[in-house]
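Chain order of the listed sequences is V and P.
FYI, the numbering for the first sequence is 1 to 479, going by our numbering.
FYI, the numbering for the second sequence is 480 to 743, going by our numbering.
In short, the hints are calculated from the structure, not lab data.
Treat the hints with care, since some could be wrong.
[As the list claims (entries may be wrong)] Computed list of lysine-lysine pairs in DSS-like fashion (alpha-carbon distance at most 30 Å, straight line): (1) Lys478(V) to Lys208(V); (2) Lys117(V) to Lys135(V); (3) Lys354(V) to Lys303(V); (4) Lys572(P) to Lys379(V); (5) Lys478(V) to Lys379(V); (6) Lys570(P) to Lys379(V).
Residue-level listing of the chains:
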Amino acid sequence: MDKRTNIIELKHITKTYEDGFSAVTDFNLEVKQGEFITFLGPSGCGKTTTLRMIAGFDIPTEGEILLNGEPITSLPPNKRPINTVFQRYALFPHMNIFDNIAFGLKQRKMPKRLIEKKVKKALELVDLEGFENRKTDTLSGGQQQRVAIARAVVNEPQILLLDEPLGALDLKMRKEMQLELKEMHRELGITFIYVTHDQEEALTMSDKIVVMSEGKMQQIGTPEDIYNEPINAFVADFIGDSNIFNGIMTGKLKARFCGGEFVCVDDVEEGTHITAVVRPEDVLLTSPDRGIIRGIVTSVIFKGMHYEIIVESGKNEIVAQSVNSASVGERVGVVVEPDNIHIMIAEDHTNIFKAEINKNYELEYNGRILNARITDIIKGSRMDEDGTLLDVNGLEIDRQKIRVMASIQPQDIRMTDEIEEGLVQGYISNLIYKGDHYSYVIHTDLEQDFVVDDEYLWNMEDQVGLLMPEEKMNFTVKR
Amino acid sequence: MKKMKFSRKILGIPYAAFLLLFVAAPLFVLIYYAFTNGQGQFTTANLTGFFSDPNTLGTLLYSFGIAVVTTGVCLLLAYPTAYILATSRLKAKSVLVMLFIIPMWINFSLRITALKEILTWLEGNLAYHPFLNTVIGMSYDFLPFMILPIYTTISRLDGALLEAARDLGADEAQAFLKVTLPLSLPGIISGVSMVFLPAMTNYVVLDMLYNSTYIMGSLIGSYFAAYNWHGGSMIALILLAIICLFTLFTSGMEEENTRGGTLL
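Can you build the whole structure from these sequences, using the hints too?
See the structure below:
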């Protein structure tokens, strides 16, 4: 048990804007003294808003923020012992480096001699000795970033907030700064709260990661926890490369997904819908007769340390990493060791399937064209007269580079005996009585399981067509 | 075969010709008249005459005073207006900005005539307050030229800078004084030069408000009306020198604040 005291606590924080949009919903967090904690998530997940509420630039609509046990929820930023390193540095262009760094100290009416000493020390910390009289615009991006850090830490804040501070730097510089920031954290011993959308950055630097999505905390844990034991499909997908499959428990320590039955180590009740996550480095390729499932190699890319091999099995795609190459078109078997399969109980039974984009940029599933238009799904996109898809900035979107995922709730799918009328066909492989309705699992011809709720009793092994009204579908785009 | 060379320099010829004809030549004529007498002989009498005549010197000081006061009044009115316009979150902001610009589209003499009626109604006889009336007239006329550049610089100000100042311990007033005000200086400078220079020379406002005061513009006009081209040219030249000095001074200040732009 960690004996350190909580420096900051966020209790049931909700931030709703005037237009009704909730950036953060019921967010709870405790940060220990001296921790390096990272808020990680895609843009728009609420991580920056949370940081701004800690800094005092935004006031939560609900909930409380405690600093050392004292409420600071609506304290203005200048009254908080917290300093921020801004995304675009926000150095004062009308001041030289010395005055930029001394700004906070002068504000506290510190004696001149002491200010000079502290600024000098701060510049040493960020390796910019002798830069006092330079103007901000004569500095490179990396140097400006260092000044921004010095300007914040010189005030000896209890918490240092960093809002994607390395986002504007090039890759090499970013790697260097990551290590330096980590070193600085150790040296200063103050609490760092870091915001980034870069999972690698988060894994490298943090003591603890908070994964966020749509204003909610998805998972909190050490980098190892988050990587090895993702709590749901979102986290698994966001952290590192993952193969994620919908499946079902078929027996004790047995799960069926991806068209095969795998032995696993997670003891989940039979009949439970699950999400199975397998890291590409844990996918082992073998000869077809020894694999749990079989497939054909469709792509091999050399990545320096390993090959990335994509295997197609039925309608499923499995990404494998291997030090041994394979050839495209080769038939292979796929094996995964039981303890490398991470089973998560599917938090809801939303059916998610991948819609194909054909060359006319129409959406297709199971060979049928859907009415939904891709231009409605990708915000701001449009088709030009040559039939090219353009994004909001007028740049071409390659249909090979995007994935459109459709989701539909179990109660919105109907089963029909008129098999060919359904969008997809399959047989009932499982049914559970849920009190007021039956929950069915339909194993489709495309090797995917759909969950369907229906109040009437159908028989196991019945062949059915699934009617999925398009107005009930939700489309999301992944790039 | 020799290739036809179309140098970029050729494109500059019309411009150079224009400059020569309409800028350099008149300036030369002005200088010539300023330093000659009626017989065409070189003389500095016009120059010494200007500085030894209490009337002309008084007019210069008076013009200067009007320009300074007008610029000051405009700045005092324009800065808060521009600041409120630029920082308010009103959706109708652009409409409000237009409200300040639209009067500029209405004929200048019409506006001044309207102002004259109002001032006459308030004061009775305009001749009682010549200085005040001139300042009111000019401030009314030049105010948008002060508001616009200041508005532009303030609205272009990076909001993160203010947040940074707040973050580093400044309250709202201190953040304004230490960040917003210095960073809106380029807008202030260009506003000041756009109001001060016309205010020095404009005499139409004055003429139309029917009062008896002379300012520099009307002084030059009176010399030429009396066919004293040499004296008039010298006064024009002196005014030109003053304006040059002022421009050099303000552009020097602007260089120190290279960031921040102006609209006009």
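For each hint, the structure was consulted:
no.: 1; hint: Lys478(V) to Lys208(V); verdict: holds, 27 Å
no.: 2; hint: Lys117(V) to Lys135(V); verdict: holds, 20 Å
no.: 3; hint: Lys354(V) to Lys303(V); verdict: holds, 26 Å
no.: 4; hint: Lys572(P) to Lys379(V); verdict: holds, 27 Å
no.: 5; hint: Lys478(V) to Lys379(V); verdict: holds, 12 Å
no.: 6; hint: Lys570(P) to Lys379(V); verdict: holds, 24 Å
Going down the numbered hints, you'll see the structure goes against none, and every one checks out.
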